[in-house]
Amino acid sequence: MAQLFPRSFNNLSHASIYVALVLAAISIWLAVELAKSDYVTGVGTPLEQPVQFSHKHHVSDDGIDCRYCHSTVEKTDFAGIPSTETCMTCHSDLWQTSPILEPVRTSYQTNTSIQWQRVYRLPDFVFFNHSIHINKGIGCSTCHGRVDQMPLVYQFTALRMDWCLDCHRAPQTSIRPRSEIFNMEWTPGADQTRRGNELMRDYGIAPADRLTDCYTCHR
Amino acid sequence: MCRRSGHSIVVLVVAFAGIMTLCGCSYDMSVQPSYRTLARSDFFSDERSARPLTIGTVATAKRDSGGGIPFPLTIELLQQGRERFDIFCSPCHGRLGNGEGMVVQRGFSRPPSFHLERLKSVPDSHYFEVITHGIGRMWPYGNRTSVSDRWAISGYIRVLQFSQAAPLSAVPPDELENLRKEQ
Chain A
576 MAQLFPRSFN NLSHASIYVA LVLAAISIWL AVELAKSDYV TGVGTPLEQP VQFSHKHHVS
636 DDGIDCRYCH STVEKTDFAG IPSTETCMTC HSDLWQTSPI LEPVRTSYQT NTSIQWQRVY
696 RLPDFVFFNH SIHINKGIGC STCHGRVDQM PLVYQFTALR MDWCLDCHRA PQTSIRPRSE
756 IFNMEWTPGA DQTRRGNELM RDYGIAPADR LTDCYTCHR
Chain B
84 MCRRSGHSIV VLVVAFAGIM TLCGCSYDMS VQPSYRTLAR SDFFSDERSA RPLTIGTVAT
144 AKRDSGGGIP FPLTIELLQQ GRERFDIFCS PCHGRLGNGE GMVVQRGFSR PPSFHLERLK
204 SVPDSHYFEV ITHGIGRMWP YGNRTSVSDR WAISGYIRVL QFSQAAPLSA VPPDELENLR
264 KEQ
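For the protein sequence lines, the chains are A and B, in the order given.
My numbering runs 575 ahead of the 1-based position in the first sequence.
My numbering runs 83 ahead of the 1-based position in the second sequence.
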């Protein structure tokens, strides 16, 4: 019986091994890149919330401080989601018939919680504490972006571990004076590294090798 | 032959390690059976993991200050008061305490100015009580501000009252220069 395949198929079969390897490598790379992409992480896309709350309006137009609603941000790990009572403090007398605010009034009248969707969600094995960052010179906008310009709030960053570590390895790049923490317009100046090093000394910030210990964030 | 079986063992070990590694992939650690603050609960009927105070809970903090601020009136306390006033009070009362805050300009009922004689003559504790329990259109702020914050704000309201009716002699000399320029 004659050979089914001519001799030249040997080359083809060899080549196909390498092609398969390259394809496998490309697909792994694609999967990793896709997992990091904004499309998968949701960065830049507002979540559907029970109320179309605009941070831009309340912060930029009305000049309300972050801490009016996120009142525990300086003292606890959690910044705090305002209670319905906080909304009603103004909205019992302002826009009190607006259909947008119907879920707020219903929540208040029926004593049920408004179920806001979390925008920033960390895995349970990460222990993030707002108060230590606020008190050591990391401002809101460093991690949350220009919330004062977001009509509907969205993730500014995917909170990947390498992103956290970038700053934990070199805090002087992001540290600002405590007086500027809630200033959404603050940006690092030309002398940020020098100023950042001064602030690290003034605020008693641990050196990078301690800030990058596993147990700093994982317990 | 021997070399070939050596290869098979390596392949087996690598495959086994790979499979065991993949078996380790799960969300058990990411989503643990504990609550994060204010997380939704499937256990309680109101779906709240944050539980209300038990019925019959008695407040034990000392309440009666005798009308005055029960803290030494230091510059730090007044600065704390200014910060908290600007966060919580200024949206309605305005930074000067004249009742012309941004929320009032948007249509909220106008609060009285702190510079009225009536409000100058009340004891410090009046402000503490009003912040804690609310009054008229103003809702209570007792659950949003700490006790020391509320006393600090009461002290700062006195600063505002003084600032709007202070004699020229109370102005520091270097500030006096600026004041004259503005006029």
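Watch out, some of these pointers could steer you wrong.
To be verified - One side only, chain A facing chain B, incomplete, derived with CB under 10 angstroms:
#1 Asp652
#2 Pro674
#3 Pro678
#4 Thr687
#5 Ser688
#6 Asp699
#7 Cys739
Unchecked claim - FRET-style restraints, in silico, Cβ to Cβ:
#8 A/Val701 with B/Pro250: 27 to 33 angstroms
#9 B/Val254 with A/Ser754: 33 to 39 angstroms
#10 A/Arg769 with B/Arg134: 48 to 54 angstroms
#11 B/Pro250 with A/Asn758: 23 to 29 angstroms
#12 B/His216 with A/His632: 26 to 32 angstroms
#13 A/Arg794 with B/Arg134: 23 to 29 angstroms
#14 B/Ile102 with A/Thr651: 40 to 46 angstroms
#15 A/Arg770 with B/Ile102: 31 to 37 angstroms
#16 B/Gln188 with A/Arg769: 41 to 47 angstroms
#17 B/Gly139 with A/Ile707: 35 to 41 angstroms
Keep in mind the hints are simulated off the structure, nothing from the lab.
Note that this is a predicted model, so its numbers are computed, not measured.
Heads up, the beta-carbon is just placed ideally off N, CA and C, and yes, glycines get one too.
To see whether the hints hold, each was checked on the structure:
no.: 1; hint: Asp652; in the structure: 7 angstroms, holds
no.: 2; hint: Pro674; in the structure: 17 angstroms, violated
no.: 3; hint: Pro678; in the structure: 15 angstroms, violated
no.: 4; hint: Thr687; in the structure: 7 angstroms, holds
no.: 5; hint: Ser688; in the structure: 6 angstroms, holds
no.: 6; hint: Asp699; in the structure: 4 angstroms, holds
no.: 7; hint: Cys739; in the structure: 16 angstroms, violated
no.: 8; hint: A/Val701 with B/Pro250: 27 to 33 angstroms; in the structure: 57 angstroms, violated
no.: 9; hint: B/Val254 with A/Ser754: 33 to 39 angstroms; in the structure: 24 angstroms, violated
no.: 10; hint: A/Arg769 with B/Arg134: 48 to 54 angstroms; in the structure: 49 angstroms, holds
no.: 11; hint: B/Pro250 with A/Asn758: 23 to 29 angstroms; in the structure: 35 angstroms, violated
no.: 12; hint: B/His216 with A/His632: 26 to 32 angstroms; in the structure: 29 angstroms, holds
no.: 13; hint: A/Arg794 with B/Arg134: 23 to 29 angstroms; in the structure: 24 angstroms, holds
no.: 14; hint: B/Ile102 with A/Thr651: 40 to 46 angstroms; in the structure: 43 angstroms, holds
no.: 15; hint: A/Arg770 with B/Ile102: 31 to 37 angstroms; in the structure: 52 angstroms, violated
no.: 16; hint: B/Gln188 with A/Arg769: 41 to 47 angstroms; in the structure: 42 angstroms, holds
no.: 17; hint: B/Gly139 with A/Ile707: 35 to 41 angstroms; in the structure: 36 angstroms, holds
In summary, the numbered hints that this structure violates are 2, 3, 7, 8, 9, 11 and 15.
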